[in-house]
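K.L.:
Listed here are the chains, written in short residue letters.
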Amino acid sequence: MSEHVILKRLREANPVPDPASLREASPGDAILLAVIDERSRSMSAQQAPPIPPPPTELRRRRPLLIAAAFAVVTILIGAGIVFVVNDEPEVVAPNDPVPSTVVGGVDPSPLSAQWVEAMNQGDLEEALAILSPEASCDLPAGSFVTCQQHLGFLIAIGTHIETRSCREEPPYRCSYGLTSELHATLGYPDHSLPATSEIEVDEEGRLVADFFGSVDISTPYWPSEGGDLWGWMQSEYPEMTIDRTFGPDPYDEAAGIAAMEAARRFNSPERIVQQLQLALASYASSGLGQCATQQGPVECARLVNFLKAIEAQMSVECDPETAEAGIITCPLTIESGIHQALGSGASTSEAVIEYRGGLTQTLQMEIRFADDPAVHDAFVAYAATVDGLFQDGELVLDGDPGRSLLDAARDFSGQ
Amino acid sequence: MDTAGADERLNQLFEHHYNDVLAYCSRRIGRSDADDAVAEVFAVAWRRIDEIDWDTIRPWLFGTARWVLANRWRSVRRWDRLHRKMSALARTYADSPEVLIVRREEDREMLQALSRLKEADQEVLRLTAWEELTASEIAAALNITVSAAEKRIQRALQRLTHVVESSPRTPLSLRAAEKKAES
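As given, the protein sequences belong to chains A and B, one line each in that order. So that you can map any letter, position 403 of the first sequence is 403 in my numbering, and since no number is skipped, the others follow by simple counting. So that you can map any letter, position 55 of the second sequence is 55 in my numbering, and since no number is skipped, the others follow by simple counting.
In case anyone wonders, no lab produced these hints; they're calculated from the structure. Keep in mind that this is a model prediction, so the values were computed, not measured. Any given hint could turn out to be false.
Said to hold, decoys possible - Residues on chain A that point at chain B, a partial pick, calculated with CB under 7 Å:
{"no.": "1", "residue": "E3"}
{"no.": "2", "residue": "I6"}
{"no.": "3", "residue": "L10"}
{"no.": "4", "residue": "R11"}
{"no.": "5", "residue": "N14"}
{"no.": "6", "residue": "V16"}
{"no.": "7", "residue": "P19"}
{"no.": "8", "residue": "A20"}
{"no.": "9", "residue": "T146"}
{"no.": "10", "residue": "G343"}
{"no.": "11", "residue": "A346"}
All C-beta atoms in this analysis are idealised placements derived from N, C-alpha and C, irrespective of residue type, glycine included.
Put together the whole structure using the sequences plus the hints.
P.N.:
Below is the structure:
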């Protein structure tokens, strides 16, 4: 069956063959215009694609490629095999298959290896020179970046491509693994994205490939913690948010550079400390992973409830430069209602934060109720005699027992 | 912006292209959700009414509609989820009477074959066959070069032909086989 027939069948399968018929079921124009007017006022983040599409920097860099591609197309048109447009817009398909510019029987694996090497060296010019204009990237639907722009993104985030295997007979196909500095910066150096591409060689000796899809910069976070990264990037890096600059698709070179910078900041000890300070000041456990005290592991939500119940005021004074291998140890100062009831000043202990990927994996903190260890121990011994404050020999760290513990401190100091 | 003039231009835009944009969106997300997307498309047009190049307005509207739909899908966040959802959408093309009028079995077969292509291939074929855009208009809508658009169309068409011809023997592919046998 010729492609002409296929296209004709496809046109006949048009699910909405008569657009005018849809309008009968539409809301009135006035209503729709009112909606449009309302949205035009309220939507502030939306942008449309450029009008007309401006030539990209990459395209400007490669006028010869474009000229060559144009020449090929011109030849094809001259042969009468490209579409013809009539007065009524109608696309007429060719009766005969278009001669492909792909050269059969040539093993493209060496070319793929050259391309991989260029990419790994961060040489975008070379990578693009090896690549045929026919190459495509399997970008997500709605993507507005070109394949060439996407390669710029991959290089900008320090992608390292490893060729895992190549099929040595037609159809030629290679499988690759992609790791990146971006993921390493986010704490996942071994995070590897598998990808497969059919590869061919065009008549100019360039690589025709059907490359892997976009690299999701938030992987491996989604779906639970990914929102933290993305939300933070949107607030901290408004210039690279989805809507404002890059349309719906931030996967080009500029976005890659910004993403790397964002990842460095997101996973920096400075931001981790800031996040902990915020969590302790607001009794919020959302940014914390696992928590532990000198008694052992405790749910972070229960711990902050307890701290709130005893009216704890906490501060951590960390030196981010002391962070090593994703761990920061900080002096922790606590002053609570219990401290006041016991006539004690603030106590100082330690908080140890283990972080990765911009998230606090574990927070271990020592909770002391008095600056004098003897007073602390005496009070804890007293509390053990009060019903409901201890369970299995451990202090119950939760909201209501926290209030009871505060009352117990007042009773203890009145003795 | 001259508000009266802008209103007049928006009215013209609406009058001439509303049906096409509504059809575009209906073909992709179904009739019931299309109005909302269309409203977004024209809201963007309203804001950029002074910048619009009227010579390329139709592909620009399709490009914007494509972007609006992509943004809606993007709320799913993960590409795998997106692809799953899009696969589901592709299936509903053939299943939901509200979404589409699948008039004949061979239409159903063609839509199923189309849904087996990559999204990029599907899109250029839909723009070609259903929106009746030329290669240069598709280039404008997709923000690619004209030569890239031409090649993409051609390769997508070749792939669709291959899919149809290698599908199980249903009416359309049956005829293809019969025709091949005749020749």
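K.L.:
When the nearest CB of chain B is found for V16 of chain A, is that gap smaller than 7 Å?
P.N.:
Cβ of V16 of chain A sits 4 Å from chain B, so the hint holds.
K.L.:
Min Cβ distance, A346 of chain A to chain B: is it shorter than 7 Å?
P.N.:
Constraint on A346 of chain A not satisfied, violated at 43 Å.
K.L.:
Does the CB of G343 of chain A sit less than 7 Å away from some CB of chain B?
P.N.:
violated, 53 Å
K.L.:
Is the interface hint for P19 of chain A satisfied, with its Cβ closer than 7 Å to some Cβ of chain B?
P.N.:
holds, 4 Å
K.L.:
The hint names R11 of chain A as touching chain B; please verify it with the least Cβ-Cβ distance against 7 Å.
P.N.:
holds, 4 Å
K.L.:
Is the interface hint for N14 of chain A satisfied, with its Cβ closer than 7 Å to some Cβ of chain B?
P.N.:
holds, 5 Å
K.L.:
Is the shortest C-beta separation between I6 of chain A and chain B less than 7 Å?
P.N.:
holds, 5 Å
K.L.:
Hey, does the T146 of chain A contact hint survive, CB to chain B under 7 Å?
P.N.:
holds, 6 Å
K.L.:
Is the interface hint for E3 of chain A satisfied, with its Cβ closer than 7 Å to some Cβ of chain B?
P.N.:
holds, 5 Å
K.L.:
Given L10 of chain A was flagged as interface, is its beta-carbon under 7 Å from a beta-carbon of chain B?
P.N.:
holds, 4 Å
K.L.:
Does the interface hint hold: is A20 of chain A within less than 7 Å of chain B, judged Cβ to Cβ?
P.N.:
With a closest approach of 5 Å, the A20 of chain A hint holds.
Violated hints, in rising order: 10, 11; the structure is consistent with all others.
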